[in-house]
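Going line by line, the protein sequences match chains A and B.
The opening position of the first sequence corresponds to residue 1467 in this note's numbering, with each subsequent residue numbered one higher.
The opening position of the second sequence corresponds to residue 1454 in this note's numbering, with each subsequent residue numbered one higher.
Simulated from the structure, these hints should not be mistaken for laboratory data.
We treat Cβ as the ideally placed atom computed from N, Cα and C, and that holds for glycine.
A hint or two may mislead.
[As the list claims (entries may be wrong)] Derived BS3-like pairs (lysine-lysine); straight-line CA-CA distance at most 25 Å:
{"no.": "1", "chain 1": "B", "residue 1": "K1552", "chain 2": "A", "residue 2": "K1518"}
{"no.": "2", "chain 1": "A", "residue 1": "K1510", "chain 2": "B", "residue 2": "K1523"}
{"no.": "3", "chain 1": "A", "residue 1": "K1483", "chain 2": "A", "residue 2": "K1510"}
[What the hints assert, rightly or not] Some chain B residues flagged as far from chain A (calculated, every beta-carbon gap over 10 Å):
{"no.": "4", "residue": "V1497"}
{"no.": "5", "residue": "G1519"}
{"no.": "6", "residue": "D1524"}
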Amino acid sequence: DAMVIQNPRYQVTQFGKPVTLSCSQTLNHNVMYWYQQKSSQAPKLLFHYYDKDFNNEADTPDNFQSRRPNTSFCFLDIRSPGLGDAAMYLCATAHSGQETQYFGPGTRLLVL
Amino acid sequence: GQQLNQSPQSMFIQEGEDVSMNCTSSSIFNTWLWYKQDPGEGPVLLIALYKAGELTSNGRLTAQFGITRKDSFLNISASIPSDVGIYFCAGQRGGNNRKLIWGLGTSLAVNP
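Using the sequences and the hints given, assemble the complete structure.
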């Protein structure tokens, strides 16, 4: 089945220690998104790639970076995680013609 | 950032009852999406609406794109325990604006 895959599902890191979350998709969608979701809140868009073009949200901290080496994969790098970065991180994909976003299962990040 | 007005915030119902929730906005959207999110998982797309006035069903779920393009509702008929979760509406303006504007979610609890 075509799907969005996120690994790992749970990630524990230490305060200030860089961490990378990964997302892959078999939908062949050209748009990929990264969201942060905290408890009892709606997902908050961090940035997205339209093909290779990177689009950052104005309020996304510089601590968050992303890489998209090819169509199928996208990475979220948190350079120096703080306690406030503990959250669920969601990857989503869409086809530029339709724009409906399909989400992966998420990675829950814990910062110690 | 902008958010949609989603109501009710939470519902506690008996198994077998029908459920209705809605989202409203002060601005128009080209797409309305309804997602369900279970604890610890990513949002799962339930219904996507692309045309004003469109009424779409997915099993026991029915959703409508308001004629003014500023609102949408989701109905669940004959609720069952696995309907428990948080339901989010999301709107998209379309064109080059791919960002989803989210409601705050409706938390549904079903008493068997």
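How the hints compare with the structure:
1. B:K1552 x A:K1518: The given pair, whose Cα atoms are some 17 Å apart, holds under the 25 Å limit.
2. A:K1510 x B:K1523: OK: K1510 (chain A) and K1523 (chain B) at ~21 Å, within 25 Å.
3. A:K1483 x A:K1510: Between K1483 (chain A) and K1510 (chain A) the Cα gap is close to 23 Å, so the pair holds against 25 Å.
4. V1497: Given a closest Cβ separation of 7 Å, the condition is violated.
5. G1519: Holds, since 18 Å exceeds 10 Å.
6. D1524: With a cut-off of 10 Å, D1524 (chain B) remains clear of chain A, as the shortest Cβ separation is near 17 Å.
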